[in-house]
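These two chains come separately, so use the hints to put the complex back together.
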Amino acid sequence: MMAAERVSISQFLSLRSGGKRINTADALTYLYLTFGTVLMFGPVLWLVASSFKTQAGLVKYPPPLLPYQQVQVEVEGFDEALPLFTVTMEDGSSRELAQIRRVGIEARMIDPEDPAAGEIKVNIRQREPVEEVKLAWENYLDPLVELENFDFVTYLKNSVVVTTAATAITLVINSMAAFALSKYKFKGRDAIFVLFISTLMIPITVILVPVFLVITTIGWKNNLWGVIIPGAATPTGIFLLRQYMLTIPDELLDAARIDGASEWHIYWRIILPLARPALAVLAIFSVMWRWNDFLWPLIVLSRNDLFTLQVGLNAFQGELQIQWHYVLAMTVVTLLPITLVFAFLQRFITTGIATTGMK
Amino acid sequence: MNRTADPSDHERMGTRALGILDELARPLILLPVAAVDRILTPIQKRVGIDKMGYFFVLPNLLIFGIFVLFPMLLNFYYAMTGGTKLFPEDRPFVGLDNFATLFDCDDFLSPNTCQEDLFWRGISNTIQFVVFQVSGIVFFSLVTALVLNRKIVARGFFRSVFFYPVLLSPVVVALIWKWVLQHEGVLNAIVEIFGAESKRWLLDTNWAMFWVVFVSVWALMGFYTLILLAGLQSIPPELYEASSIDGANHWQDFRFVTMPLLMPTMFVVLVLSLIRAVQMFDHIFVLTGGGPGTRTQLIVQYIYTTGFSNQIQLFGLSAAASMVLGISLLVLTLLQLRLGNQSSLA
Chain A
1 MMAAERVSIS QFLSLRSGGK RINTADALTY LYLTFGTVLM FGPVLWLVAS SFKTQAGLVK
61 YPPPLLPYQQ VQVEVEGFDE ALPLFTVTME DGSSRELAQI RRVGIEARMI DPEDPAAGEI
121 KVNIRQREPV EEVKLAWENY LDPLVELENF DFVTYLKNSV VVTTAATAIT LVINSMAAFA
181 LSKYKFKGRD AIFVLFISTL MIPITVILVP VFLVITTIGW KNNLWGVIIP GAATPTGIFL
241 LRQYMLTIPD ELLDAARIDG ASEWHIYWRI ILPLARPALA VLAIFSVMWR WNDFLWPLIV
301 LSRNDLFTLQ VGLNAFQGEL QIQWHYVLAM TVVTLLPITL VFAFLQRFIT TGIATTGMK
Chain B
1 MNRTADPSDH ERMGTRALGI LDELARPLIL LPVAAVDRIL TPIQKRVGID KMGYFFVLPN
61 LLIFGIFVLF PMLLNFYYAM TGGTKLFPED RPFVGLDNFA TLFDCDDFLS PNTCQEDLFW
121 RGISNTIQFV VFQVSGIVFF SLVTALVLNR KIVARGFFRS VFFYPVLLSP VVVALIWKWV
181 LQHEGVLNAI VEIFGAESKR WLLDTNWAMF WVVFVSVWAL MGFYTLILLA GLQSIPPELY
241 EASSIDGANH WQDFRFVTMP LLMPTMFVVL VLSLIRAVQM FDHIFVLTGG GPGTRTQLIV
301 QYIYTTGFSN QIQLFGLSAA ASMVLGISLL VLTLLQLRLG NQSSLA
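Residue numbers (our numbering), protein chains in the order written: chain A, 1 to 359; chain B, 1 to 346.
Chain B extracted, bound-state conformation (with noise of 0.2 Å):
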């Protein structure tokens, strides 16, 4: 079986990507070297070379200093501190209420015995979703990637198909998708082809769940198959040779060189896919809106409607959620770091 990419079709894309870049930037390159360096060159000599490292790490540092690690502590701050006002000075402390109001529940099972229902129900959606997105993920993005690594005419091509929904935006797939799906859509002509009754498939409580996970497995699932091909393609061919040397099937294989040998990439497809199903947003908020009623929405849909969209803009309420989704997503890290060690041990 040929399980190597070939790589000059590879090198004569990457050559010509990189010739237009260069195109790009000659003019660029030429320019604010003097400029800089009429700058640069006394502290240079004042500092020494090895101290312009913090030169060269300030100005991404600054960014992610103000735009991400203060934020990250500064969201403690504002899950404890209640009323509407965006700014600190103008939020009355109040502890731990806001955990408190997301946790009153007198069955966390049943969403509507909570105070914050809307949460609870989003944790509920979300954990469904988790579950039936992942899943329909790894299988399909096995099983693609199992056939692409066969010996196939147009592997490329092919390929390519299965990848190209990856690039198109979330607010596209949506809408690509309300397209098929809406109530005078192909989808409802083709089922009445064969003689089942058509559906608003998006308004219908026990379909929209299913569109929703089906939508975001098409539009993300051939970034996995890439993934997990590129694994299939690591296993060195000699397995084979001598599998088939002992007499094993193609089943034995799979069973007995490509799935153990798969299994680490597999893993990374696991948790990444985790990860980001848990952040789901942009597809469904379009594609649904959340609906029918809030059959669809997801935590992250409860984060933004708290404090972004709603009238009453409880911006507490919706860090002290984001914290309980950010301690989730560090769980899952953790997880992955934990059973990732394990499975590289083994």
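Same shape as in the complex, but just chain A (with noise of 0.2 Å):
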């Protein structure tokens, strides 16, 4: 940018985009934002930030912003590396020294500049840790490799398994079902598109008992198709795929059939297509819904090895010693894939709601 165009902070600040001086309600209006933004966006930032640090570091109290650790230092003479501490030594001077081991309320020091200097024997109230801001990968990498009772790879497995089948099914059912009811005249039409239609406020929490018995009665209980296929006839994606291709001339339809196509190959390459922005909505919201998915899942997978990311997560930090340090990072990786999703397509997702206002 040029520097002509350049303006000063406060400047900045005290502009509108229209080019006029702030007024009481500007104020008003940026302080809420302000202060909207700390308390959308801080309990996240604090999750990451607290996701980097050690088991040690997330005990603190208070809790440090930032991630930090002990420093550890080689010393010859010794096979591991040796905590660092800074030393108020007897005559008020202070040293940097390892520690050796503890014993009680002593702690045996040394020198790591000079180790041949031998052991110092220092109060334990006497040393305070030295420290360095230093990530803790490992609380990442530790659930990829073994962690008893958080299998993160097969859980991650398993969401991205029920996430992409059942977005598939349900875009190629409900469109199907869409491209009937909108372009075909035939006896119960009408009647089973409101048959559909009424569902779209009974969700399934009304009818768990007797979804699990015919889940139970096909085989599917700790089965993933169980998870998959029950939620896959969505009204929501029904009614929208349906008022879209309305807006698609019939005289299109008829063309391709005086060419000859076959009505198969008219839904697939000629609605299908035409249908993009309508399917797209409906595939974002679906990834979203069998993404986060939970109260389902949790009902008809009892198996660790089947559970899915949010089942798993949520089975991990329920056990009697929380180990925050990896369900941290882990809850992380979790918001990730959805994070990345909305950074990329946020205009798409946002007018995708306000324009059809479902969720």
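These are computed hints drawn from the structure, not numbers from a lab.
Just so you know, not all the hints are guaranteed correct.
[As the list claims (entries may be wrong)] Within a straight-line C-alpha distance of at most 30 Å, the following computed DSSO-like cross-link-like pairs (lysine-lysine) qualify:
#1 K157/A - K60/A
#2 K51/B - K187/A
#3 K85/B - K221/A
#4 K85/B - K185/A
#5 K60/A - K85/B
#6 K187/A - K45/B
#7 K60/A - K121/A
#8 K121/A - K221/A
#9 K199/B - K185/A
#10 K121/A - K134/A
Next comes the structure, spelled out in structure tokens:
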């Protein structure tokens, strides 16, 4: 940018987009927005910052803002790295010493610069750990390898399978039904449409027991299909797609029929490509619904190796001793894909909701 | 005032989204036409074009019938059978006993006098939760929408800020706040800076309900803000021009132009948030597990616990309770249709 276009910060802050000076209403507006931003993003950022702290770092109170870890130094003559402390000596001076071991209230220290000088005994109250900002990547890496009771990779795989399969099935069957309901005249068409739409307000929470029976009878208890299929025939999807397909002119279909296209050909090669915007909106919503789904998977899946991320995360955080350092890191990983999708498709999602009013 | 969103950005994002979708779908599009056609063409020749509608609606109808319609009917039967077996043929018919058990109360206002005290505590908690959560959502999403509708710098950014939590899964939302609210957590550290005493927020009977409401408002208000914002932007600017010619001040603008024209949208927000609040489960289950005690246990958790997580699985009782929930949802929906028609007539 050219220097001439620059404005000072105070000028910028006192500008409205119209170029007038701010008044009280504007001041309140930006106060609200600032406070809102802190309240909405703050907890998420705090989660991310905390997820990089070590187990020892997490129990510090009041909690430091950044992930600090104690500095470890290699000292000649010792196999393992030793923790570094700042020690206040008897004469009031302070030295940086590495601790060899601690016995009661007495710590045996050694000068890392001069290990030949031998051990120094220090009262533990006289030493403060030397810390540096360091990210505890092990919180993220350990669960990938092996963690008892928390098989992150399996959960992730299950979540991805459920989300993609369910979204694909939803898109195909919903669009087929919407095509039939918008482009064909057959007996019972309107009744079927009303039947679908009338269940818009009937959530699965109202029919948990009988759906569970159906799943069990089919043999889908503890099976990912039991999570994928029951929610696939979404009334919202049918409604959205049908409204969109009604705007596609019938002449287009007739022209294709004259050219000898079959009905399936018309659906697959003409209707689907034309309905892409509506399909895209439904796809985004379906991914969100399925990725975040909790109660139904919780009921269908009781075997640890079938858990989705949400169910696994809940089970892991419900253990008697919460291993917060892992829980936090895995929570960050769980929110990451949705955050990335949002970052790229933000406008698309927000306008999609505003125009269709669905979630 | 600028009341229209910039369409070019939206279109660009939309095109990009479609581009990604196209790339993913390309191999799919070429594949199944011929294969499916081979099976379908003879059928189409026999039944004619219009009857093909049945074929297209069939997959969806099947899944809908098996997993929605049939269970809905079966739920009535479950509600009238007892025992702990899952399969209907093993379950003794008990008539309305389950409902009698649920409604066996000396005094409906004090859950302790009920046989199923957890059910009534769930209902009473749900009512409290719904009242506070829905008013919170309506109030804060209205204020936020009004603020975002002003002429502000970086409106797109601020809109995303308030919307972002909507996308997070309930489990993630609950864990984020569980971490903030824990005893050695950041909230207590902040509270102590201001000289107040730290608390175990989620174990405190007085505070747990507040936080459950707060967290769910935090997580969901962005969705309703967006709907209200769309409502605000559909108000024609000419009306404000006319009112300013009439010498109206900001408050009069709001009172006599914005509010009346926003009423239908407000109504949608009210009903949608109400229907969702009544079914609240995920956030609370992870955040407090219904505790301390049963202080934040709502009706859906009762249905889940009774039917699925207790040692003795009382499916009949669970189904009966879910019918009570279903009927309240039905009433709310009908109320919406009734009042919705009235407000559009007015």
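Query raised in the report: Do the alpha carbons of K187/A and K45/B lie within 30 Å of each other, as the hint requires?
Result: 19 Å, holds
Query - Pair hint K121/A and K221/A, alpha-carbon separation not exceeding 30 Å - result: 63 Å, violated
Report task. Below or equal to 30 Å on CA atoms is what counts here, so check K157/A against K60/A. Result -> Outside the cut-off at roughly 35 Å; violated.
Query raised in the report: Taking 30 Å as the top limit, are the C-alpha atoms of K85/B and K185/A close enough?
Result: Violated: K85/B and K185/A sit about 45 Å apart, past 30 Å.
Query raised in the report: Between K60/A and K121/A, does the CA-CA distance stay at or below 30 Å?
Result: 26 Å, holds
Query raised in the report: Can the restraint linking K85/B and K221/A be considered satisfied, given a maximum Cα separation of 30 Å?
Result: 15 Å, holds
Query - Holds or violated: K199/B to K185/A, with C-alpha atoms at most 30 Å apart - result: Judged against 30 Å, a Cα distance of about 65 Å means the pair is violated.
Requested in this report: Verify the proposed pairing of K60/A with K85/B, using a straight-line Cα cut of 30 Å.
Outcome: 50 Å, violated
Requested in this report: Below or equal to 30 Å on CA atoms is what counts here, so check K51/B against K187/A.
Outcome: 9 Å, holds
Query raised in the report: Going straight from one Cα to the other, do K121/A and K134/A come out at no more than 30 Å?
Result: Satisfied, since the Cα-Cα distance of roughly 29 Å is no more than 30 Å.
Comparing the model with each earlier hint shows violations of hints 1, 4, 5, 8 and 9; every other hint is respected.
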